[in-house]
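Engineer: First to last, the sequence lines map onto chains A and B. All residue numbers for the first sequence refer to the numbering used here, where the first residue is 1 and numbers rise by one. All residue numbers for the second sequence refer to the numbering used here, where the first residue is 106 and numbers rise by one.
There may be inaccurate statements among the hints.
Unchecked claim - The calculated SDA-like cross-link candidates involving lysine to any residue, where the alpha carbons are at most 20 Å apart (straight line), are: (1) K45(A) with L256(B); (2) K72(A) with G170(B); (3) K43(A) with P314(B); (4) K27(A) with G85(A); (5) K74(A) with L256(B); (6) K72(A) with S372(B); (7) K96(A) with L256(B); (8) K96(A) with L255(B).
No lab work stands behind these hints: they were computed from the structure. This one's a predicted model, so the numbers in the text were calculated from it and none came from an experiment.
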Amino acid sequence: MKQILLILLLLPLASHAEDDIYSLIIKDHRFQPTEIIIPSGKKIKLLIENQDATPEEFESHSLNREKLIAGKNKSTIFIGPLSPGRYTFEGEFNAKTAQGVIIAQ
Amino acid sequence: MLATGIIIFREVLEAALIIGILAAATRNISGSRRWLVAGVLVGLIGSAMVAASTEVIGELANGIGQELFNAIVLGIAVSMLAWHNIWMSSHGAALAANASALGRDIRDGQSECSALFLIVGLAVLREGSESVLFLYGIAASNEGGQSAMLLGGLFGLLGGSAVGYGIYAGLLRLPVRWFFTATGVLVLLLAASMASQAAHFLIQADLLPSLAAPLWDTSAVLSEQSAVGMLLHTLMGYDSHPAGMQLIFYIAVLIIISIGMRLAGNSRRVATHKKITQ
């Protein structure tokens, strides 16, 4: 019984360790890469590095995510698990150029 | 210029609607105007400070500091809105019957004013810090066209404030018997909407499971970027892709505050009834 409990308690930690990590760079008010392919049905960790001097807001209505990233700074955001499909995101402060898409397969 | 205006408009709109509704709801409480202005001013100063510490806040708690900060600010606002509505359901009748009779309730009125101060201050702080960062980005970039963009921001500010004033003026025109119900319902929905947003940040920080995300997708029917979607998002927490957990928070806050209001209303009726029968 105790062992089962211990396993149950450790489960969240185990699932944490499994998070896939993807990185995204913001440079000259553009995302690099502009397309990220991730597995569907799995939570991923997105590391965003803003190389510009100005702040940016990563925003996606389809992913239901929004996060401010200060200039010359890094940030983490958890995404998913997603069902297969295309999920667009943008840099709200420079939406004209900062556009990207996450494709869950 | 238009893009800048829209971004600032969206930020200002949220704070302005909250202020407009609260300003109407507390119109008969003495001293409430001063507290409201103080809330806006302190919120503005706070938003500049939060904007300046974005980097520090973001790095707290292994990179989820921003989500935690937002969730805490929203959590405080939700409890203050709850307190306001519950207070109103036990004092609203007295306020409606005789505005000047509030003198005897002065201590209660003061704590109500501090709640108002906190709600307004936190609303301005949250929406304002984003605007400050955004405008800072414009001012710091050297791509030209800054003055046009800042002008756009000014229009956004005026537009958002106008809508906030509109809801305030509209509420004041309501007949008294509908006024308390209307402001009560609006504040209740604001609280539920903020609770849902707090859940959204906790999910984003991976502190809460999303439970079915999205629960539905109505972005094709009513996008949150459309004018109506934006308004409904602020007023009643409309979300085109909500997570299941957000809905749970939303409904839980609706139920908890409603029960609190009912209990407060009942105890008041019992108290007055006792006084009459004695």
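Engineer: Evaluate each hint against the coordinates.
Structural biologist: How the hints compare with the structure:
1. K45(A) with L256(B): 38 Å, violated
2. K72(A) with G170(B): 17 Å, holds
3. K43(A) with P314(B): 11 Å, holds
4. K27(A) with G85(A): Violated, at about 26 Å.
5. K74(A) with L256(B): Distance ~31 Å between K74(A) and L256(B) Cα, so the pair is violated.
6. K72(A) with S372(B): Outside the cut-off at roughly 56 Å; violated.
7. K96(A) with L256(B): 18 Å, holds
8. K96(A) with L255(B): Status holds; Cα separation ~17 Å.
Checked against the numbered hints above, the structure breaks hints 1, 4, 5 and 6 and satisfies the rest.
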